[in-house]
Amino acid sequence: GARKIMGIIIHGDAAFAGLGVCYEAMQLMNLEGYSTGGAVHVVLDNQIGFTTEPHESRSGAHASDLAAGLGVPVLHVNADDVEAVDYVFSLAADWRGGGH
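Position in the sequence shown counted from 1, then plus 1034, gives you this note's numbering.
The reader is advised that the hints may include incorrect statements.
As the list claims (entries may be wrong) - Straight-line Cα separation of at most 20 Å, SDA-like style, residue types lysine to any residue; simulated pairs: (1) 1038 <-> 1129; (2) 1038 <-> 1068; (3) 1038 <-> 1099; (4) 1038 <-> 1124; (5) 1038 <-> 1127; (6) 1038 <-> 1130; (7) 1038 <-> 1078; (8) 1038 <-> 1067; (9) 1038 <-> 1131; (10) 1038 <-> 1091; (11) 1038 <-> 1089; (12) 1038 <-> 1132; (13) 1038 <-> 1073; (14) 1038 <-> 1064; (15) 1038 <-> 1126; (16) 1038 <-> 1125; (17) 1038 <-> 1075; (18) 1038 <-> 1123; (19) 1038 <-> 1063; (20) 1038 <-> 1088; (21) 1038 <-> 1074; (22) 1038 <-> 1066.
Don't read these hints as lab results, they were simulated from the structure.
Please build the complete structure, drawing on both the sequences and the hints.
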């Protein structure tokens, strides 16, 4: 079931912050028939999708700020630090698996 499989969704920062579908899907998380048991959303801070400066395109400092408003954990990690990325994914999998 939902605890045996974990969805991993990769977004560019512009897509996560700018597309309403991310927030819309996340706010359905507690409705029967819509819950997947949780997914890990990886938001890449690549600045590729923006046609404007980040401070002119969203209210928060990070594209992931909309997830924090839903009470889900948001972890920031430098992708150049492989050990840190591994640790953060382990934390996310543990949280998703109910080990929090």
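Hint-by-hint comparison with the structure:
As the CA atoms of residue 1038 and residue 1129 are separated by approximately 13 Å, the hinted pair is consistent with the 20 Å bound. A threshold of 20 Å between alpha carbons decides the hint, and for residue 1038 with residue 1068 the separation of about 17 Å falls inside it, so the pair holds. Between residue 1038 and residue 1099 the CA atoms are separated by roughly 28 Å; this puts the pair beyond 20 Å, and the hint is violated. Of the pairs offered as hints, the one joining residue 1038 and residue 1124 holds, with about 15 Å between alpha carbons and a cut-off of 20 Å not exceeded.
Using a Cα cut-off of 20 Å, the hinted pair residue 1038 and residue 1127 holds, with the two alpha carbons roughly 11 Å apart. With a C-alpha separation of about 10 Å, the suggested pairing of residue 1038 with residue 1130 holds against the 20 Å cut-off. For a cut-off of 20 Å, the pair hint linking residue 1038 to residue 1078 is broken: about 26 Å separates their Cα positions. Pair hint residue 1038 plus residue 1067 holds up; C-alpha atoms about 17 Å apart against a cutoff of 20 Å.
Straight-line distance between C-alpha atoms of residue 1038 and residue 1131 comes to about 8 Å, which keeps the hinted pair within the 20 Å bound. For the hint pairing residue 1038 with residue 1091, the CA-to-CA distance comes to about 37 Å; that exceeds 20 Å, so the pair is violated. Among the hinted pairs, residue 1038 with residue 1089 is inconsistent with the structure: their alpha-carbon atoms are about 39 Å apart, more than 20 Å. For the proposed pair residue 1038 and residue 1132, the alpha carbon gap of about 11 Å is at most 20 Å, so the pair holds.
Of the pairs offered as hints, the one joining residue 1038 and residue 1073 holds, with about 12 Å between alpha carbons and a cut-off of 20 Å not exceeded. Simply put, residue 1038 and residue 1064 have alpha-carbon atoms about 18 Å apart, close enough for the 20 Å limit, and the pair holds. A C-alpha spacing of about 14 Å is found between residue 1038 and residue 1126, which places the hinted pair at or below 20 Å, so the restraint holds. Only pairs whose Cα atoms come within 20 Å are accepted, and residue 1038 paired with residue 1125 is accepted, the gap being roughly 16 Å.
Between residue 1038 and residue 1075 the CA atoms are separated by roughly 17 Å; this keeps the pair inside 20 Å, and the hint holds. At roughly 16 Å between alpha-carbon atoms, residue 1038 and residue 1123 fall within 20 Å of each other, so this suggested pair holds. About 17 Å separates the Cα atoms of residue 1038 and residue 1063, which keeps this hinted pair within 20 Å; it holds. With a C-alpha separation of about 37 Å, the suggested pair residue 1038 and residue 1088 falls outside the 20 Å cut-off, and the hint is violated.
Between the alpha carbons of residue 1038 and residue 1074 the distance comes to roughly 14 Å, so the proposed pair stays at or under 20 Å and holds. Taking the CA atoms of residue 1038 and residue 1066, the gap is near 18 Å; set against the 20 Å cutoff, the hint holds.
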